[in-house]
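Engineer: Whenever a hint applies, use it, and build me the whole structure from the sequences.
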Amino acid sequence: MNWENPSQFFAMGGHGLYIWASYGVLLLFILVEIFAVKKHRKDITRRLKRLMQARAKMVEKE
Amino acid sequence: MFSVINLMVRRDILLAMRRPQDVMTSLFFFIIVVSLFPLGVSPEMEILRTIGPGVIWVAALLATMLSLGRLFSADHQDGTLEQMILSPQPLALMVLSKCVAHWLLTGIPLVILTPLLGLLLGLAGDEIQTLTLTLLLGTPVLILIGSIGAALTLGVRGGGVLLSLLILPLFVPVLIFGTGAVSSMNAGMGVEAHFSLLGAFLVLSLLLTPWASAAALKISME
Amino acid sequence: MAAEQSEKKPTSWLRFSSPRNFYPLAGKMIPWFMGLAIVLVLAGLYMTFFVVPPDYQQGNSYRIMYIHVPAAWMSMLIYLLMAFYAGLYFVLNVKLADMMAGSLAITGAIFTFIALWTGAMWGKPTWGTWWVWDARLTSELLLLFLYLGYISLRAAIDDPNRAAKASGLLALVGVVNVPIIYFSVKWWNTLHQGASITTNKTSMATEMFITLMIMVFAFWMYTIAVVLMRVRNEIIERERDTNWLVEELGKEK
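Protein chains in written order, with my numbering: chain A, 807 to 868; chain B, 21 to 242; chain C, 766 to 1018.
The set of hints was computed from the structure by calculation and includes no laboratory data.
Here are the simulated SDA-like pairs of lysine to any residue, each with C-alpha atoms no more than 25 angstroms apart in a straight line:
hint, chain 1, residue 1, chain 2, residue 2
1, A, LYS863, C, LEU1014
2, B, LYS238, C, ARG1003
3, C, LYS1016, A, ARG847
4, A, LYS844, C, LEU807
Only part of the chain C face toward chain B is listed, based on derived beta-carbon distances under 8 angstroms:
hint, residue
5, PHE910
6, ALA921
7, LYS930
Idealized CB from N, CA, C, for every residue including glycine.
Structural biologist: So this is what it looks like as structure tokens:
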């Protein structure tokens, strides 16, 4: 174990700011990337569904 | 083969002569960008002499890049480009001739103006000589590499800015060895290595880029 | 019906180059890769912060290396992989190869940015400045520009076929130029004798090496998972008029 208590862990021997900024930005980018891909999927499947419902209605009318 | 090149180059030069303002604009741009540096950085001759070769090279690079949008656009608009693709002559050869004509029209004037701008930035005689020679070797490489980007962005929205984004990173090696020649000479290390590398870039791009540009043109015209 | 069954027989790996076969396969693979990525990241983080001791010269700031190095490696490998898929697209004329190339580009650009960012964060406490024009950082910056050009070109062209071919050609031109750019930047750096990063070349301790490798694998697993997710989105967009996709989406709900 490198650390005796949590505050020591967060301070990282004075380099805490740099380390947490590095890991934090990486985490942020990964979360944003996953969120964006999932949202994209949701959007296109929803659009596709609407399209199919519209098509089904047209068939019914005929 | 040479008759095709000869014919195409003459045609492009004739067309450009009818609209000389196109050629002049990029030339004026070159001069204005260089003269902004003493105003923006410092009128101190020592400083200007240090940054001079780099400033002139970057300005020449930007002027070339701005002119590249015109490389295919006129022929694209009036339908000549389609005829070229359909003609039995290899498209790469025609792309090469267009690049040669473009270099004669925009590259050579830049090279001719360089000594004058070198004097404005306080460069010494031998520095100006080396710098002019590197531009003579480097500008055709810029145009050849740029022709790929020009062909890829043909008719694409926001093509001009996109073109610069695509090709500026590819210009970096030419820029490095172009400006490196002058600093290497001042450091007493000779310029042979830089000139041979620039020459190698020129030969390589003469051999390879017309094919890539021709393929890009076919993709853009489908 | 008969035709469908014969299609399902595993003939060769090329079978999965059709979006129809690849879509469900990718769907099955994503949770595994994502799960592996999470397990490896957690293990790697534990090793990074609780097992490996601080560096005797750099203190704790060198713990940034465990994400900086994998990100930099990935940024370069993904570019090569992207160009490989672009080449595959031209050789086999398989749409899926282009979708892979396009999906890799965004993750590659993100890792390039992460490599630059973490490099700056490591540089400040180590050499007292956020940025140094050294050969590696400069080429990484140019790599980011190459990625951005590729992504912008794809985004600017509406016709998917033209976008595929144009961006594929650009990727191939880029990959030919990457070594030239790298060596000229290196030459430029030695000529100007600017600052160069000298990482201490002492042999890396085993536990440090293991930690680094765990992180590298975690980054790989994450990349595969997220790229497959993006490829599946691309398939939905491009195959939206086919019946199999509608069935497939119906099964998932």
